[in-house]
Amino acid sequence: MMRATFFISKIPPFFSILTHSIPPRPFLSLHLNSRSKFSHNSKRALTLTSDTLSINKTPQTDNKTSLNLPGRARRKAQKESPQGVLKSKLGQCSKAGNVVQALSLYDDALKKGVLLNVDHYNKLLYLCSIGEGDKNADGKVSDLGLKRGFEIFQQMLNDRIEPNEATFTNAARLAAAKEDPEMAFELLKQMKSAGIAPKLRSYGPALYGFCKRGDAEKAYEVDADMIESGVMAEEPELSAILEVSVNVKREDKVYEMLHRLRATVRQVSEPTLRMVEGWFNSDYATKIGKKNWDVNKVREGIARGGGGWHGQGWLGSGQWKVVNTHVNEDGVCLSCSEKLVSIDIDPKETENFAVSLSKLACQRETQGNFNRFQKWLDQHGPFDAVVDGANVGLQNMHHFSFGHLNSVVRQLRELSPTKRMPLIILHVSRVTGGPAQIPNNKRLLENWKNNGALYATPQGSNDDWYWLYAAVRSKCLLVTNDEMRDHLFQLLGSSFFPRWKEKHQVRISASNRGPSLIMPPRYSIVIQESSNGSWHVPTVTVDDDHEVPRKWLCATRSRKKSLHNLWASNSEV
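The sequence shown begins at 7 in my numbering and counts up one residue at a time.
Hints listed in this document are in silico derivations from the structure and should not be mistaken for laboratory results. Yeah, the Cβ is synthetic: ideal placement off N, Cα and C, and Gly gets one too. The reader is advised that the hints may include incorrect statements.
Simulated restraints on C-beta separations [to be verified]:
no.	residue 1	residue 2	range
1	Gln160	Lys117	17 to 23 Å
2	Thr270	Asn468	24 to 30 Å
3	Asn330	Gln443	24 to 30 Å
4	Ser235	Ala83	36 to 42 Å
5	Glu234	Val301	31 to 37 Å
6	Lys117	Glu223	21 to 27 Å
7	Lys195	Met238	15 to 21 Å
8	Lys198	Gly103	51 to 57 Å
9	Gly458	Ser235	27 to 33 Å
10	Lys198	Arg519	38 to 44 Å
Turn these sequences into a full structure, and let the hints steer you where they fit.
Following this line, the structure appears as structure tokens:
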């Protein structure tokens, strides 16, 4: 029988921080003797000693009747059981943010002897940590929400319920609500020591708590732990560290955060832009920077990074000129006349991305189907452009239009150096049914097939994997208005994908005169650091509306001869 043991130290309970004026810091020591996974249908047999609490697994014996029922009847019985009803009601409280009602349900369940599981406890802890229905006049979670939250957490441990990542994160949120980021960080460490992998949200309570308190060193410690755990910070986390770094005048960390925003976020939100603007406008920022620097090192840094940044620290001296401006279609800043660059993509990165994309596609598609497509692409490719046929054919229309799609195909053929047709990816249902049966459309489809320019994806397949892989594999343009933000593209989990998309995606603009192509920008829309020390920071646009001019922050000061303009991008399309 698999076995696991939790050792709970004999220390004051968590809620003691609420009942003692200067309490000792409580720690939860969780150590797994075995790394074997717990079964979801298991119950622990308890052995209590003077110093430790051992929790051993024994087969679950509750709800025997429901276990013997067929699938649908079993699910119905579980849903209508006391545990199922409580879970449903707590879910409703969670959606409404009603902590008072949730606590009433919890108290009633204890009186009735309802067995709570980790899902019940996590919902309760979450509600106590946000306390939407139970806040003070200043908006803080009240002592009642905090006290009950820690009591519930302690009760969960007393009930020998195995905590998971959500449990620890919610407990850390309670600590943060109590303005105790140290406890929140300690909970994170205990979670890791128990063999539970932290998520980005796990770090929020401690990180934001230290940043709010202005404790930069502790915030950096949390950030270092995040990096060590392989968790990538996003804009909210980087922005919080940036703000505390500006406030404590840590120019090295401000520089680091700008570059991390450049590498992971690329374009910033308005609140982050205001923080960056505040830094450049500060008196302290005027005192920071090298009056003289090694031109060769700057040149080498630019070459190594593919252009657009050098990483050699703050260059120049004196007051910054900070302007909110725009950049024209050629990449020229309308404030300082600096020409922004198109940052190179390493061909090896493209190859690696194609391999990882192929592996993911084969995992989620019928492997034989996708392998056939890869062989077909090897025989007929590479192409100068790939078209997401369904997206283009349905663009701004209530029905699929082969005429609209053909217009885009013809424009792309004209742009091709070899006058070759692009590859059109369509689901088999689009090729065989509906409008495909109209004679003119039949002729179009036949023409595309004869030119080796049409691939019909099989039933049950997801077109997205096919057109994305084809474009990456062919190192060519991809024509689609799909912003590629859904779960499928999040699986890619790579900072490379946004960079690739920016340089290769062609969008369609529809009008009464027909569709027109919006080509990729001639420069990279990303934070750029010039060789003369100036910075350009782009903001995000609402829904990526390309008709609305993007706002940029331009920060410059006394200029020396710029190597930035000497750096010419020679990236491969």
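Hints versus structure:
1. The hinted range of 17 to 23 Å is satisfied by Gln160 and Lys117, whose Cβ atoms lie roughly 18 Å apart.
2. Between Thr270 and Asn468 the CB atoms are about 27 Å apart, so this pair conforms to the stated range of 24 to 30 Å.
3. For the pair Asn330 and Gln443, the supplied restraint of 24 to 30 Å is violated, since their beta-carbon distance comes to about 54 Å.
4. At about 41 Å, the beta-carbon gap between Ser235 and Ala83 stays in the expected band of 36 to 42 Å.
5. Remark: the range hint 31 to 37 Å for Glu234 to Val301 is upheld by a beta-carbon distance near 36 Å.
6. Range check, Lys117 to Glu223: Cβ separation about 47 Å, and the 21 to 27 Å hint is violated.
7. Checked against the hint of 15 to 21 Å, the C-beta distance between Lys195 and Met238 comes to roughly 19 Å, which is consistent with it.
8. Separated by about 30 Å at the C-beta atoms, Lys198 and Gly103 break the suggested range of 51 to 57 Å.
9. At roughly 48 Å, the beta carbons of Gly458 and Ser235 sit outside the given window of 27 to 33 Å.
10. Range check, Lys198 to Arg519: Cβ separation about 59 Å, and the 38 to 44 Å hint is violated.
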